[in-house]
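Q: So the sequence lines, in the order shown, correspond to chains A and B. Per the working numbering, residue 1 is the first one in the first sequence, and the count goes up by one each step. Per the working numbering, residue 1 is the first one in the second sequence, and the count goes up by one each step.
I should point out that these hints are in silico values taken from the structure, not numbers from a laboratory. This structure is a prediction, so every number in the text was calculated from the model and none was measured. Do not take every clue at face value.
[Said to hold, decoys possible] Some, not all, of what chain B presents toward chain A, calculated at C-beta under 7 Å:
hint	residue
1	Met22
2	Ser23
3	Ser55
4	Glu90
5	Ala92
[As the list claims (entries may be wrong)] Derived, one-sided and incomplete: chain A residues facing chain B with beta-carbon distance under 10 Å:
hint	residue
6	Leu926
7	Pro930
8	Gly934
9	Thr959
10	Gly962
11	Ala966
12	Leu1016
Think of the CB as a built atom: it goes at the ideal place given N, C-alpha and C, for glycine as much as any other residue.
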Amino acid sequence: MERTPSSPIIARPEALPDAPVIRAALEVVPAGIVVVDGGGLIVLANAAAERILRLALPAGTPLADLFQYEVRRPGGEPLHADERPSARALVHGDAVSGLELHVERGDGTQATVVVDAAPIGADGGRAGAVVSFVDVTERAEAQHEAERSRALAAQLAAWSESARARSERIGRITAALAAAVTVDDVAGVLVREVGDAIGATSIWVSVLDGAGTTLHHVRSVGYPDQLVEAYRELPLAADTPGAEAVRSGRMIAFRSTDDYRGRYPDLALERRRVGHESLLLVPLAHGSSRLGLLAVSFPRPWEPETEGDVIEAVAAQCAQALERARLYEAQTAARVEAEQATAREHRLVALAASLAVAATPTEIGDAVVAAGAAALGAGAGAMVTLERAGHHARVLSSFGYGPDVLARWQAVRLAPDTPIGDTLTSGRTVVVRDVDELHRRYPITDEAGYGSVSAALAAVPLVVAGRTIGALKFGFDAAREVDAADLALLRTIASQCAQALERARLYEAEQRARLDAERAAAQLARLQSLTSDLAAALTAADVAEAVLRHVVPALGAAGGAVVLRRDAGFALLHGSGYPETALAALPGVLVTAGTPLDAAIAAGRPLVLSTVEPQAEPDAWVVELHGLLDVSTSVVVPLPGGAHTCAIVLSWADPRVIQDAELAYLAAVSVQCAQALDRAGLYDREHRIAETLQRSMLTESLPPVRGIALAARYLAGGAGLKVGGDWYDAIPLDDGRVVLAVGDVVGHGVQAAAVMGQLRNAVRAYVLEGYGPAETLERLNRLIARLGDCQFATACLVELDPAAARIRVASAGHPPPLLAGTGGGRLVDGGRSLPLAVLPDVAYAEQVLPLPSDAVLLLYTDGLVERRGESLDDGLARLVASVDGRPQTPWEVVDRVLGALAAGGVDDDVAVLAARLAPSPLEIRLPAAPGSLGDARRCLERWLHGLGVHDVAAFDVLTATGEALANAIEHAAQPAGIDVRLDARVDGGELVVTIADDGRWRPPAPDGLRGFGLGLMRALADDMSVEAGDAGTVVTLRCKVRDGGRDG
Amino acid sequence: MMELAVVEVDGAEARIVGEVDMSNATALEQDIRLVLDGSSRGIVLDLSGTTYLDSAGLRMIFALARHAGTAGKRLELVVPDASPVHRVLEIAELPAAVPVHATADPARQALGV
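Next up, chain A with everything else stripped away, as it sits in the complex (with noise of 0.2 Å):
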């Protein structure tokens, strides 16, 4: 809508010219336009101007009837009636124009006009005014229309904003909420989210406990110290907003700190402190549940038109995440009992797994101790177990308990001031929190002074059929809660412990019952064998040898001794296990009178003795005793009755309790022992006397014979224990005939041994008297028959004649005699007959055969040619093949055959005796002249070969007697041509020299190369003797022959 200008020409009415013309044209202008005169009254208005101000405008109407009605500003401010454009014409004279205004019409409606107004007249000459103005409702409403719409537009686009972000923050709190798992992540989102969501400067969250009586504090923001302490705990009962809300359920809001002081005056104080000016308390409920509060302040009032969705929305959210969140926890607390418990299950199940295998109270402490410091996280623990008496505590087992500690529980007797003394003697468990709790129950104690394990500590008593016979303590690195949990854990424990260890004792005390039945039978076994051992043993050290064989090993004894009561000593028959310095020392060990032993003995009774158990006041004697044998525990047992008085010793090197078990097994086993050495001791006494017997009988040397040479041994078989009956003899003759003899009686000991005297006897005397071999046979085998006690026995008797180099043999069932010459051995086959004693009357053979002069004769026992397993012929045939057919002395051929045939020893007795025709003696005289030398050599060397010394013998013996010769010539005495004499001859087994001179013996000069005669004599010869006197000096050389020379 343009603006209309105002015409000048209108607004000069004097210029009018043509008046109905111009109001034909003023009708036709849309504008409406009105003429005042200076009066101020109309002088015209067209009818646009009475139609747009819907009122009629006569002329002559005043300009004021117009004030009547309102003018406005376009921005609603009323217009003075100064103002008015037509005032400001005509008053003022100003020209207005394009002025809008809003005015009212005379319908009461309102318009909205833009005005032009001008004076009529010149120089302020004030003719009246023209104004004109068009009318711009219609635009003015629709431009105000489209502002309006695009205020509401702009409007409705933040509110839809604003709504957009809140919903934005709820969601993301949603979001949160939703990842939150614990009641501390639910109070964390809360404090983190919800400020910037609404505004707000501080966020408080509480929940209400378990027994609805109680809000926590969890989480907060914005809010001082103060007052979260003083909140913290805030009871549900309490006279506060926040208590008040939760108790509602209905949210509590302050918003402005007048609002709260009105209500609240005793705690506005606080709240002014802190600075809020609104806040809001907000119940977190989900259902009919109270959970907790959720508060809220502003630091500017608080309006609910805005923010009061988004807090409900926030606390609906809160308080279903709260309870998720304690549902989780409660889920949560749940499945960790579950887990504690099982695992404290498992434990318990672990526990009576290694108690089930543990056999002794130790190892019992062991696994209960490590399975309840397992369980509960402790840092020591010990199990202890009371003494029969009840006064003192054992330690069993422990662990981080340093040995100090330890020792001093043992060693103080009980009492209720310490917590292990309160629980072994009152059977209650004690708990103990920190090192202040236990000063205060146990002032006295020095427990705290064990260490960091001290802090807190807890005793459960082991109690089987209501007594306590025990307790378990565990003690903790840090001052620590023992809960209901742990103390069900550890009687729990304590219980299965208890059990455990009843069940060992129990089991112990089978096992012992078991172990003395055990023991008992194998006593028993080892008694009868035993029993055999002894059957077999024949002397008494065979005896003691056997008993301790037995007894030393099945009592586990270190050593054993068996002694003999000898006067006032003892004597020992055999020892075992002792070192041989304290054997040998013994008998001299126990030889004191009035000790011990002497009254233990007396009085037939074991003695037991230790050194290390303080029973009696430790005796002398047994500290040397054990002393000499380094040992602590023996025991003496003495042998009943009999001829000696015997006592077993046995001695432990450990300290030992002796069981009466054992000490039966003793008493059982010293009966045994003493009727055996009864046995033996007689035993012992006939084996000397068949030992004497016999060593009486047997000639120890054969006596000389002239023209003959004799060897004999006799070899004893079975190890010497048993005396046999074989025997041998030489009997020479006047006429210097020998008559040999070899015989054996059947049986062994005493009575073989009197008998073979007998007959040995016998044959001497028969012998003597002139009878022959046959003859002398004959009377012994009547002689044999009135005997009594008639004696299988055989003989075979040899008379030699040298002279006539003949031997006569008669044998009673005796091996033949075998013949060694140089064409090798054979046996002499004639004259056998029966053995002695079988008949009555026997006519015995003789047979007569020449002896070579090389030939040895070799009469023997069946010993040499009996074997197990062999036939005699075998022996013989054996024996005939030992001999080979070189020239040998007799002792050379006892030396070979019983090297071929009894060089492993010999079951039975074997003698042999041997003999060979021997040369005469040589006799020689010759001059005292170096020349004679050489021939002496000569005739003694063909001599010696006449004799079958042969080699390296010989020259033994011709370089010794060849020394003797040139001693003799080099100082004979003068004049030169007296003889010297030497003297060669067989005497038993050794060849005698003797060199013999009329001069003085001159010993040898001894520096200088002279010394060499005498001591090749004497390295040469056996023996050497100088007999020097005034009638000349002989000297004597004795050489053995018996092996057929020193080097062969």
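Using the hints, position chain B against chain A.
A: Relative to the frame of chain A, chain B by itself:
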């Protein structure tokens, strides 16, 4: 049966064949001394043919060894292990003073012949 010993000489070697006793020891010693004196380094004295040797024979050998030693010469003995003489020499501990060989060759080598 051996008779009284004689000495067989072959260059620097002397062999005693037979028996040595007080009746011939001095003569033998003198014979062997001649051989020793005529040698430049010493001699081999071979006793493998010696059937008897008494203390006079021992004195002879020691005297010859001493004689050789003073002349700066050697006396090397040959005595087989099986020889009866061996026993006598050992009893007198002669091998400690005079080198004794079981055979002639090592004795000659020792002498440097």
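Q: Hint by hint, note whether the structure agrees.
A: Quick rundown of the hints versus the structure:
| no. | hint | in the structure |
| --- | --- | --- |
| 1 | Met22 | 5 Å, holds |
| 2 | Ser23 | 4 Å, holds |
| 3 | Ser55 | 4 Å, holds |
| 4 | Glu90 | 9 Å, violated |
| 5 | Ala92 | 5 Å, holds |
| 6 | Leu926 | 12 Å, violated |
| 7 | Pro930 | 4 Å, holds |
| 8 | Gly934 | 6 Å, holds |
| 9 | Thr959 | 6 Å, holds |
| 10 | Gly962 | 5 Å, holds |
| 11 | Ala966 | 5 Å, holds |
| 12 | Leu1016 | 6 Å, holds |
Hints 4, 6, counting from the list given before, are not met by this structure.
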